[in-house]
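*Asks:* Using this note's numbering, the first residue of the sequence shown is number 32, and each one after it goes up by one.
What the hints contain is simulated information worked out from the structure, not anything from laboratory work.
One or more hints might be untrue.
Pair ranges (Cβ atoms, derived) [to be verified]: (1) Tyr-207 to Ser-155: 18 to 24 Å; (2) Glu-97 to Gly-150: 18 to 24 Å; (3) Ile-96 to Gly-118: 18 to 24 Å; (4) Thr-193 to Asn-168: 16 to 22 Å; (5) Asp-208 to Ile-96: 28 to 34 Å; (6) Asn-81 to Phe-172: 34 to 40 Å; (7) Lys-59 to Ile-192: 30 to 36 Å.
Simulated crosslink set (DMTMM-like; lysine to aspartate or glutamate; CA at most 20 Å straight-line) [stated by the list, open to error]: (8) Lys-78 to Glu-161; (9) Lys-197 to Glu-157; (10) Lys-135 to Glu-49; (11) Lys-182 to Glu-161; (12) Lys-78 to Glu-49; (13) Lys-78 to Asp-127; (14) Lys-197 to Glu-131; (15) Lys-59 to Glu-49.
All C-beta atoms, glycine included, are put in the ideal place defined by N, C-alpha and C.
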Amino acid sequence: RATFFCLEKDEKYGYTDEDLEIVNNIYKRIINNGHTLGNHTASHNIKRENNGIYNSVDNFMNDIIENRNFIYNNYGYTTTIMRFPGGSSITKEDKDEFVEAIRKENYGYVDWNSETGDGNALVSAEQSAENVLNTTNNRSFLVVLMHDYSKETLDALPNIITGLRKQGYILLPLFYDSIMVNK
């Protein structure tokens, strides 16, 4: 099982009816197959200026709540875990305020401590797997960042799963009460 941190996908973000049908099927499969669907904000607009989500706690929470409502209204699923776009460190000196605000809305959060590298560049499937498997450092709790827009990551996934299991990891979805979430 896994955790998928999802964005609001609808026509206001430029999705066509065909795109939305694909997204709806994916979100339903995530839920129906026992995975965790997490909140990753509605817009993923990580700017600190203008109307970016990190411009203020209110902007951020409005985006979180918009996405929570979108997921609940379309799929009947209540999200209880979220991931800060760009990671919680992007909130800088305001982190405590952001964390307090998400807690008031009954959210846990998680950051990653391993990654394929697909968020910064196009890396090969082999490099994606190496980036994860060669940097686990025997951590007792591993959260791997990967993105759905990378075919290379998709191709690397079977090797990553096999390699993590060989290293003794058990793959589980995250929930509000997950160890790393409540740090």
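*Asks:* Confirm or reject each hint.
*Replies:* Consistency of the hints with the structure:
1. Tyr-207 to Ser-155: 18 to 24 Å: Between Tyr-207 and Ser-155, where Cβ atoms are some 35 Å apart, the hint is violated.
2. Glu-97 to Gly-150: 18 to 24 Å: 23 Å, holds
3. Ile-96 to Gly-118: 18 to 24 Å: Since Ile-96 and Gly-118 have Cβ atoms about 21 Å apart, the given range 18 to 24 Å holds.
4. Thr-193 to Asn-168: 16 to 22 Å: 19 Å, holds
5. Asp-208 to Ile-96: 28 to 34 Å: For Asp-208 and Ile-96 the Cβ distance comes to about 21 Å; the hint is violated.
6. Asn-81 to Phe-172: 34 to 40 Å: 36 Å, holds
7. Lys-59 to Ile-192: 30 to 36 Å: Between Lys-59 and Ile-192, where Cβ atoms are some 23 Å apart, the hint is violated.
8. Lys-78 to Glu-161: Between Lys-78 and Glu-161 the Cα gap is close to 31 Å, so the pair fails against 20 Å, i.e. violated.
9. Lys-197 to Glu-157: 17 Å, holds
10. Lys-135 to Glu-49: 36 Å, violated
11. Lys-182 to Glu-161: Distance ~16 Å between Lys-182 and Glu-161 Cα, so the pair holds.
12. Lys-78 to Glu-49: Judged against 20 Å, a Cα distance of about 29 Å means the pair is violated.
13. Lys-78 to Asp-127: 19 Å, holds
14. Lys-197 to Glu-131: It is violated: about 38 Å lies between the C-alpha atoms, which goes past 20 Å.
15. Lys-59 to Glu-49: With Cα atoms ~16 Å apart, Lys-59 and Glu-49 stay inside 20 Å; holds.
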